[in-house]
Amino acid sequence: MNVIVEREKSLHALEERIAALRARDGGESNEEVRQLEASYNDLLREIFGKLTPWERVNMARHPKRPIAGDYLAALDRFDELHGDRHFRDDPALSGGFAKLRGRRVVVLAQQKGRDTKENIRRNFGMVSPEGYRKASRLMELASRFGLPIVSFVDTSGADPGIGSEERAQAEAIARCLTTLAKVRVPTVAAIVGEGGSGGALALALADRVIMAENAVYSVASPEGCAAILWGDAARAPEAAERLKLTSGDLLGFGIVDEVVPEPLGGAQRDAAGFVARVLDAIDAALERLVDRASAELREERYRKYRRIGSWQGSAQAQMASALS
Amino acid sequence: MPIPDWLRSLREKNVPAEDAALWVRCPSCGEMLYRKDLEPNQSVCMKCGYHFRMHAYDRINALVDGDFVEIGAEMLPGDPLEWTDRRPYPQKLEGDRQKSQLSEAVVTGFATLDGFPIALGVMDFGFRGGTMGTVVGERLTHLLEEARRRRLSCIIFTASGGARMEEGMLALMQMAKTTQAVERFMSDGNLYVSVLTDPTTGGVSASFAFQADVVIAEARAKIGFAGRRVIEQTIRQKLPENFQTAEFLLEKGHIDMVVPRSEIRATLGRVLDYAVDRTRVVPALKAVPEFAV
Numbered sequence: 001m002n003v004i005v006e007r008e009k010s011l012h013a014l015e016e017r018i019a020a021l022r023a024r025d026g027g028e029s030n031e032e033v034r035q036l037e038a039s040y041n042d043l044l045r046e047i048f049g050k051l052t053p054w055e056r057v058n059m060a061r062h063p064k065r066p067i068a069g070d071y072l073a074a075l076d077r078f079d080e081l082h083g084d085r086h087f088r089d090d091p092a093l094s095g096g097f098a099k100l101r102g103r104r105v106v107v108l109a110q111q112k113g114r115d116t117k118e119n120i121r122r123n124f125g126m127v128s129p130e131g132y133r134k135a136s137r138l139m140e141l142a143s144r145f146g147l148p149i150v151s152f153v154d155t156s157g158a159d160p161g162i163g164s165e166e167r168a169q170a171e172a173i174a175r176c177l178t179t180l181a182k183v184r185v186p187t188v189a190a191i192v193g194e195g196g197s198g199g200a201l202a203l204a205l206a207d208r209v210i211m212a213e214n215a216v217y218s219v220a221s222p223e224g225c226a227a228i229l230w231g232d233a234a235r236a237p238e239a240a241e242r243l244k245l246t247s248g249d250l251l252g253f254g255i256v257d258e259v260v261p262e263p264l265g266g267a268q269r270d271a272a273g274f275v276a277r278v279l280d281a282i283d284a285a286l287e288r289l290v291d292r293a294s295a296e297l298r299e300e301r302y303r304k305y306r307r308i309g310s311w312q313g314s315a316q317a318q319m320a321s322a323l324s
Numbered sequence: 325m326p327i328p329d330w331l332r333s334l335r336e337k338n339v340p341a342e343d344a345a346l347w348v349r350c351p352s353c354g355e356m357l358y359r360k361d362l363e364p365n366q367s368v369c370m371k372c373g374y375h376f377r378m379h380a381y382d383r384i385n386a387l388v389d390g391d392f393v394e395i396g397a398e399m400l401p402g403d404p405l406e407w408t409d410r411r412p413y414p415q416k417l418e419g420d421r422q423k424s425q426l427s428e429a430v431v432t433g434f435a436t437l438d439g440f441p442i443a444l445g446v447m448d449f450g451f452r453g454g455t456m457g458t459v460v461g462e463r464l465t466h467l468l469e470e471a472r473r474r475r476l477s478c479i480i481f482t483a484s485g486g487a488r489m490e491e492g493m494l495a496l497m498q499m500a501k502t503t504q505a506v507e508r509f510m511s512d513g514n515l516y517v518s519v520l521t522d523p524t525t526g527g528v529s530a531s532f533a534f535q536a537d538v539v540i541a542e543a544r545a546k547i548g549f550a551g552r553r554v555i556e557q558t559i560r561q562k563l564p565e566n567f568q569t570a571e572f573l574l575e576k577g578h579i580d581m582v583v584p585r586s587e588i589r590a591t592l593g594r595v596l597d598y599a600v601d602r603t604r605v606v607p608a609l610k611a612v613p614e615f616a617v
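One line per chain: the protein sequences are S and Z, in this order. Under this note's numbering, the first sequence has 78 at position 78, and the numbering climbs by one with no breaks. Under this note's numbering, the second sequence has 473 at position 149, and the numbering climbs by one with no breaks.
If we strip away everything but chain S, and leave its shape as in the complex, we get (with noise of 0.2 Å):
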């Protein structure tokens, strides 16, 4: 059961009323259509003005909440390139050459189906190994033809399957790092949904990580870490609030760069629009990088993340002596 699911019954019977009113008026708003819609505004504000983390969670996890696969169609042009060369093509993770805003790029996206039938022929955007594979492989294509390598990032983790451990999901995961802490390219990771742990990561490690306002990126699923902590699962919400998962904290943690604001309600709201303002954010993050050389861009690229953490020694101000 999704919580926002739940809420947003609350606003139907207004939306019904509003829209069968403007119906009968041809259009038109009158004093009646205008109190309903101030009503249906305060209520929206009333449900939605502050989020609480698991509310979040929710939301990026909503049925009707833009995928990856609205994000891949919005874009000036598309050609998939399939396959790990080794077993199988991953439907979970699609990938190809792509112009975004008039630049050649390589995208990556974590694909969830929008109904039942594509999330299971998609694994519900849990990448296998071969997923993560193709994904390597189309990095090294992507810095070996200049081109900046743009990911969407939305999954609950990498595939835990039996036949993933038997191909390797841990190498799968960890070259797919290898191979974006080297590449020559800018690297940019759009958060748009679910941001589930390691399985997330293998794609974000980039130099600019771009995120979804009601997304979420989390170490572990606040239903796992529940069940580990308190063994109850049921205390999701408690969990949620802990990891510290939202766009907020994670700016603030200096692990994401930039936050694009949702519309009241979440994105499913204004789904067209949100999707052209992340593939701004994306152009515009972009833009301040492909003039870079390789080697500032890698050395930058490492530095970034050799200073997230928390800890106490010296060997912090070492460390910062160490990078001056």
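Because the hints were derived from the structure by calculation, they are not lab data. Each residue gets a CB set at the ideal place from its N, CA and C atoms; glycine is no exception. Please note that a few of the clues may not be correct.
Claimed, not checked - Now the in silico label distances, taken between C-beta atoms and shown as ranges:
hint, chain 1, residue 1, chain 2, residue 2, range
1, Z, 559, S, 299, 40 to 48 Å
2, S, 303, Z, 361, 44 to 52 Å
3, Z, 418, S, 17, 54 to 62 Å
4, S, 20, Z, 559, 15 to 23 Å
5, Z, 438, S, 300, 36 to 44 Å
6, Z, 565, S, 104, 29 to 37 Å
7, S, 252, Z, 393, 32 to 40 Å
Said to hold, decoys possible - Cβ-to-Cβ under 8 Å is the rule here; a few derived chain S residues that face chain Z:
hint, residue
8, 34
9, 124
10, 173
11, 178
12, 205
13, 217
14, 242
15, 309
For chain S, the structure is supplied; the task is to place chain Z on it using the hints.
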């Protein structure tokens, strides 16, 4: 033959409390082992060969030629998320310090092995389940950077439940940090060997554990990405007993070799001997102030 549970628990109860410090029961074959015999045997059961988890310093002592010069020990964990679950995070850390006699889940430093100067990192499951928080990531990165500067080979023993939940995303980012450090270290032509010990899972397996030139697994170690419970819940069936063992990974082609604990030191010595040019060793040794006698 495995001992039935009822007999096992009976045996356990028969051990008087004052003897518990002297004796330990092998969880695999049930044999009561005298601790004083177990230690010289590198915590391997004398009867069935079961590998007990090993304390980081015991492992270092069993591995290095002589001295071990520890670095990074001054880095200690903070509490960036002001985390509390059943207990506040600082209290958990204090408990782990008492229990494990360690300041964090990894010990890092310099030593020589068969005369080869090495940078050595050893994780310990006894501290927060070997989880990687900021300090683990930071100590290892610091080790790799120092090793790179001095052109030393690097050996890391892993034992970890993954990224440390109590440090949230700051812990996850240590995967990025360590991976980058390993990548830099290796692309300079330095040798990196990882030794995966029981258990190596999650964020550690998906970063520096599997990046090495040579990946060695200690016999019978559990190694994988997802936890066994998570997989069983996902597929709703029991997993075979050997799933995610070192031997299973060897068969699947994930690792270079499975080595019993008693052979680890000799194996590492041979790997160093193959990969490292001895003529480079002497200048490298001099480059380490601690060894420049």
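Taking the hints in turn, this is what the structure says about them:
no.	hint	result
1	Z:559 / S:299: 40 to 48 Å	holds, 44 Å
2	S:303 / Z:361: 44 to 52 Å	holds, 50 Å
3	Z:418 / S:17: 54 to 62 Å	holds, 60 Å
4	S:20 / Z:559: 15 to 23 Å	violated, 48 Å
5	Z:438 / S:300: 36 to 44 Å	holds, 39 Å
6	Z:565 / S:104: 29 to 37 Å	violated, 51 Å
7	S:252 / Z:393: 32 to 40 Å	holds, 37 Å
8	34	violated, 44 Å
9	124	violated, 11 Å
10	173	holds, 4 Å
11	178	holds, 5 Å
12	205	holds, 5 Å
13	217	holds, 6 Å
14	242	holds, 6 Å
15	309	holds, 3 Å
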